[in-house]
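> Let the hints inform the model, and build the full structure from the sequences given.
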Amino acid sequence: MSEPSTATMDFPRRDARDKLQGRTRYIVDQGRPGMLHAVQLRAEVPSARILRIDTSVARKMPGVRAIVTAEDSPARHGIGIADHPLFATGCIRYDGEPIAAVAAETLAQAKAAAAAIVVELEPLPAVITMADALAPDAPLVHPDWRDYEVLLEGGAHAGNVAWEATVVRGDTDAVFARDDVEIVDSRFRIGRQNHLSFEPRAVVASYEDGRFHIETSTQVPWTVRNVTARLVGVPASHVRVTVPAVGGGFGLKFDCSLEPFAALLARAAGRPVKLVNSREEEMLTCLSRENAEIRIRSAVTREGEIVGREAVVLMDCGAYGGEQIFLTTMTAHTLGGNYRLGSVKISTRAIYTNTAPNGAFRACNGVYNTFALERHTDEICAAIGMDPLEFRRRNVLGDKDLGATGQVFEGDVLRPMLDRMAELREAKTSKKHLAGERLYGRATTVGTWFIFVGPSAATVNLNPDGSATLVTSGVEIGSGSMMQSLPQIVASTLGLRPQDVVVRTADTDAGGFDVGVGGGRTTVSLGAASLAAAVEVRKKLLHVASDMLEASAEDLVLENGRVEILGVKGSGTTIEKVAERAQRVTGPISGSGAFTGPGVAAMPGCAAGHFIDAIDIPVFAVHDCEVAVDPETGHVEVLSYTVVQDVGRALNPRAIYGQIQGGVVQGLGYALHEEISIGANGRICQAGLETYRVPLAQDVVPVEISLYEGAPSIGPLGTKGAGEVPILNVAAAIACAVSNATGRRVQEIPLTPPRVLELLLGNNQPLDFPHIADAWRDNAIAAGV
Amino acid sequence: MSLRLNVNGEDRFSAAEPLTPLVDVLRDEFHLTGAKIVCREGFCGACTVLLDGRSVMSCLVPVGLAADSEVRTVESLATDGVLSPLQLAMEQHDAVQCGMCFPGMLMSLTSFLERMPNPSRDDIKAALAGNICRCTGYERIVDAALSVVRAA
Amino acid sequence: MPGQDGERLYVATSLADALAALAERGRTASVLAGATWTMRAPLRHEPQDLSYVAISKIDELRRVEVLNHEISIGACVTHAELANALAFLPECSALVQAAGNSANPAIRNVATIGGNLCASAFAAADLVPALICLDAELEIARPDGSERLTVERFLEIRSDIEPGRLVRRVIVPRTKRRSAHIRLPLRKAGDYPVASVSLAATLGPTGIVESARLAVGSVEPVARRWPLLEAGLVGRALDPRHAAEQAERLCGDFSGRDGIEAPGWYRVKVLPSLVRRAVLALQEQS
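For the record, the sequence lines run as chains A, B and C.
Residues in the first sequence are numbered consecutively from 1, following the numbering used here.
Residues in the second sequence are numbered consecutively from 1, following the numbering used here.
Residues in the third sequence are numbered consecutively from 1, following the numbering used here.
Treat the hints with care, since some could be wrong.
To be verified - In silico EDC-like pairs for lysine to aspartate or glutamate, Cα to Cα no more than 16 Å straight-line:
{"id": "1", "chain 1": "C", "residue 1": "Lys188", "chain 2": "A", "residue 2": "Glu690"}
{"id": "2", "chain 1": "C", "residue 1": "Lys188", "chain 2": "A", "residue 2": "Glu637"}
{"id": "3", "chain 1": "A", "residue 1": "Lys577", "chain 2": "A", "residue 2": "Glu550"}
{"id": "4", "chain 1": "A", "residue 1": "Lys569", "chain 2": "A", "residue 2": "Asp555"}
{"id": "5", "chain 1": "C", "residue 1": "Lys188", "chain 2": "B", "residue 2": "Asp122"}
{"id": "6", "chain 1": "C", "residue 1": "Lys57", "chain 2": "B", "residue 2": "Asp52"}
{"id": "7", "chain 1": "C", "residue 1": "Lys57", "chain 2": "B", "residue 2": "Glu70"}
Said to hold, decoys possible - If you want a taste of the chain B side facing chain C, the calculated C-beta under 7 Å gives, among others:
{"id": "8", "residue": "Pro18"}
{"id": "9", "residue": "Glu41"}
{"id": "10", "residue": "Arg54"}
{"id": "11", "residue": "Ser55"}
{"id": "12", "residue": "Met57"}
{"id": "13", "residue": "Leu60"}
{"id": "14", "residue": "Pro62"}
{"id": "15", "residue": "Leu65"}
{"id": "16", "residue": "Ala127"}
{"id": "17", "residue": "Ala129"}
{"id": "18", "residue": "Gly130"}
Hints were generated in silico from the structure; no laboratory data involved.
Cβ coordinates follow ideal geometry from the N, Cα and C atoms, glycine included.
Next comes the structure, spelled out in structure tokens:
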């Protein structure tokens, strides 16, 4: 079997050199002979009835080759519920919703034709905020919800509540009524976050021999294949998806987006079609991390035991359910995570509004739920007068402890990680002196996330030149997993060097089904499938070698491109020679492997409306930071940042450090700079990078990193995904530190200078959510409890 | 009317409308797709090229104003397949992730290091005020640039 | 000949050439300097003017001349060139700091002083308050000659300047003064300032402020002086805390503009701090 030791190294990525020379061809850089350029005509109002769409003038304009509208795509798609048509159908539900798509010889011609399409609208009332959407007489974003196809049973729906997931374990009413508990009640509000992947969503589609070929910038080739087929109205086997290097994803590209438009246009025009979102389109219609509103109440004893917790989490899914429907599941493991709870009730509701749909973003709802949970935890500590570090040490989940849904956790992980952080805090000099006359604060926070396992397939071909080819549907989005951990796993199993393992870029005609690259699953799920495929190859290889060397297969070892008889160096032959011989004797050697999550049990009856009741691979993180707050301007400077991260086993430590630095900085943006506001017209105000501010080089610090290895994991060689989780508790750590520095109750992020100054001046309005009912059960449709 | 530009040491001609952004001419006409279009408003730096030796955002330069000038793009940095010291340092530091920002980062840093051969870490960070990286969190890019300074 | 080719961009080779091209095109033409503002017109969903006369290749507009009594800065001098050319003149610190820290390096390499003054919709321009505090004037070239006016006056009339004219140069008088430009971006750098304060003062032999000019940028749509605060600074030694207290008292003079990046109240609220920092910067110059 593969030895972790031979799979562990700082293997450099083979795509770096071309990327550094500007040679890598992302989709945005690609062209085809005869290729047309496409644009979408988008709605400029948040809610309206469509009276008429007239494309007749536009169709006759110079260079126009195809125009498609809702008539060309009657189907709907979605997660849990098929609520989302490709084009606005019958009515407009958000500003930016596609009405038509145009392909023309040039982009300018396509834009001119789109502007010439006549659209007659009758304005309808809109619900822009979740408070609007949950008001008693709110207009419904989807009045015809009952006609939609239900894709997963069990989610409750009512009014503008698109989906509801609930957790009920134990009797919280009883413990909240106890007279020996302190009740701490906290509210939080969090804005959206734009991924700002440098490559926007972009696609080149063609229609050849009765099939679509979609070349696209995506994290999920198989989702694109299946959703495109559904929306275009062909069998899924009629769609082939290939993916070159992707210029950043972060979850934005974890869904089908532009592909069906380009496919319809390519078929209509009989020519390849390129469709690329402008940056403004990306800013205004990004599948952002959703805005959320949270109320969390806990009953805690004076000794610091959390005997009861009730929470309501409202997630804005925008005009269509999308990823938020699934993500309602995650609150149980994030807001309901980290700590032992005597009893718990959680209602998580995805709310329809007339705003751009939201989507998946690195550690999805985990980042804001962790922010809320950790700030709430500090408020508990203040209320009962306990040191926040001590409270966490006492209460974090450990071996055999029950999670919110009754899942039994394995191993003590968070507690020793907290201990390690304490050691790091001790060992390093505080950066307090750098704060000068500014306010200084520090905080340590914990976080729980998971690996999004699910099915993956892999094939390994051993080539007669002694190299191997790994075929999967994995995509290189920048994180390096496809360039580093996968070839490392295959190479160590076969005794090859990782550079001798060719990794095929994703092609749904070649690689088997895969859930996609995201959720920290690449090294785990694709890695496990690749490992299984390589193990099969190894078995066949040893079989042939055992004939050649006249030794039993058990006595053979694979190393350095050779098969050797155990203990006798130089006794064997090269893998190249074995592969060559196999080709003649048995035919070429190949192996296939597959993986899917085993499914961990929850306590029956605890979770309703959940897509997964328990998490197969939990991942934990402990973050510590020091900040200085300028009392005159509200500017927050990060002085130091330290991460202890549970990685299971680190196959490429250097690559993981890179992911942690990058993930923490993305989290700093979320915590401090990146603000999305939505105007009364339902349009996102930050249309570009002048107003949507991400951290720049001067805004960041080098992150001190300690990798925590050895926690239980079903991942190959004990791995866990390491790329998603670094963002998880950054907002939590920063918010707690700012709260400590200012002595103020931080309830909202991002902590932009105006927001912090408002807090310092005491001018902020305490959060009040009239649309979250006081009694928990009134926030749960399905609460027969 | 044709515009002449000296691009990476070679005279090139463009018939583009002179208000066309330089980056579009480089990419669409000359197939130099290294410079990336990300924001078109001068904040991301992904389209940074050198115009007569100075770093500029090529999305905001009308090609008509680049006529008869020297343009250097990321494609010029390696010679005969040998990476420039800065490119090599980036590779050796495993700095690259998605890679979209690097063409601009490299041009900003190349121009900066030509002007300021012995900068501090803070100087390098300040020089990158117009170059966003969404993947790496910057520090490794700065490490790589510093290593070139120290080696020189 | 100017305007003969029907192109949307005419690159003038001399001032006379530019004036002739502008005269010929009348209201259909605009002046283009560094182009960084104009090239973003599509993002602002503004129609681009029909044609442009580029002046950035005109040698005389690219010169900085430091004379005994004044500094003459051609309209097409870039921020980077300006910061570089005046770096050795402590009296011009405000201008050097404004030019050397605006936007980001690649923008500073292209954006010009003339463009900064003429972009009337750009409230956050760094050079404008710096030039106001330095009592700068500018020269407008027109077909029949030229006229000189103060920067403050120019800001009042800039939207109504007759076609066919262009800003030729900026003139900064030389006096023995200290000056500073304090800008407040939301990040460490790379942003436009949400507020900025430019201060210039002359000190008597005992360190008493004899005259002071203080301009506030980005808070209101157009940068302007803060006369009451100036008066409060004169006649006493530089005192950062006292200045901030006065600023606090006089903040009501400003009505902050609400923007996506910051609310109006914030821009006003930070002014005392920026004033304190500006006075401190002057104190530290010797």
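> Is it true that the CA of Lys57 (chain C) sits at most 16 Å from the CA of Glu70 (chain B)?
15 Å, holds
> Return the status of the interface hint for Ala129 (chain B): holds when the least beta-carbon distance to chain C is below 7 Å, violated otherwise.
Holds. Min distance 4 Å.
> Quickly compare the C-alpha distance for Lys188 (chain C) and Glu690 (chain A) to 16 Å and report which way the hint goes.
The hint holds at about 14 Å.
> Run the distance test for Lys569 (chain A) versus Asp555 (chain A): straight-line Cα separation, threshold 16 Å.
Roughly 12 Å between the alpha carbons, so the hint for Lys569 (chain A) and Asp555 (chain A) holds.
> Starting from Lys577 (chain A), check that the Cα of Glu550 (chain A) is at most 16 Å away, please.
15 Å, holds
> Ala127 (chain B) was flagged as interface toward chain C. Is the shortest Cβ-Cβ separation under 7 Å?
6 Å, holds
> Straight-line Cα separation of Lys188 (chain C) and Glu637 (chain A) no greater than 16 Å?
Answer holds: Lys188 (chain C) to Glu637 (chain A) is near 9 Å, not above 16 Å.
> Checking hints one by one. Is Pro18 (chain B) an interface residue toward chain C, by the C-beta closer than 7 Å rule?
Result: holds, 4 Å to nearest chain C Cβ.
> Holds or violated: the hint that Leu60 (chain B) contacts chain C, with Cβ atoms closer than 7 Å.
Given a least distance of 4 Å, the restraint on Leu60 (chain B) holds.
> Checking one constraint from the list: CA of Lys57 (chain C) to CA of Asp52 (chain B), max 16 Å. Satisfied?
Given that 16 Å is the threshold and the Cα spacing comes to 13 Å, the pair holds.
> Does Leu65 (chain B) meet its interface restraint, that is, does its C-beta lie within less than 7 Å of any C-beta in chain C?
It holds, given that the least Cβ distance between Leu65 (chain B) and chain C is near 6 Å, below 7 Å.
> Mind checking the CB of Pro62 (chain B) against every CB in chain C and telling me if the closest is under 7 Å?
It holds, given that the least Cβ distance between Pro62 (chain B) and chain C is near 5 Å, below 7 Å.
This entry satisfies every hint, going by the numbered hints stated previously.
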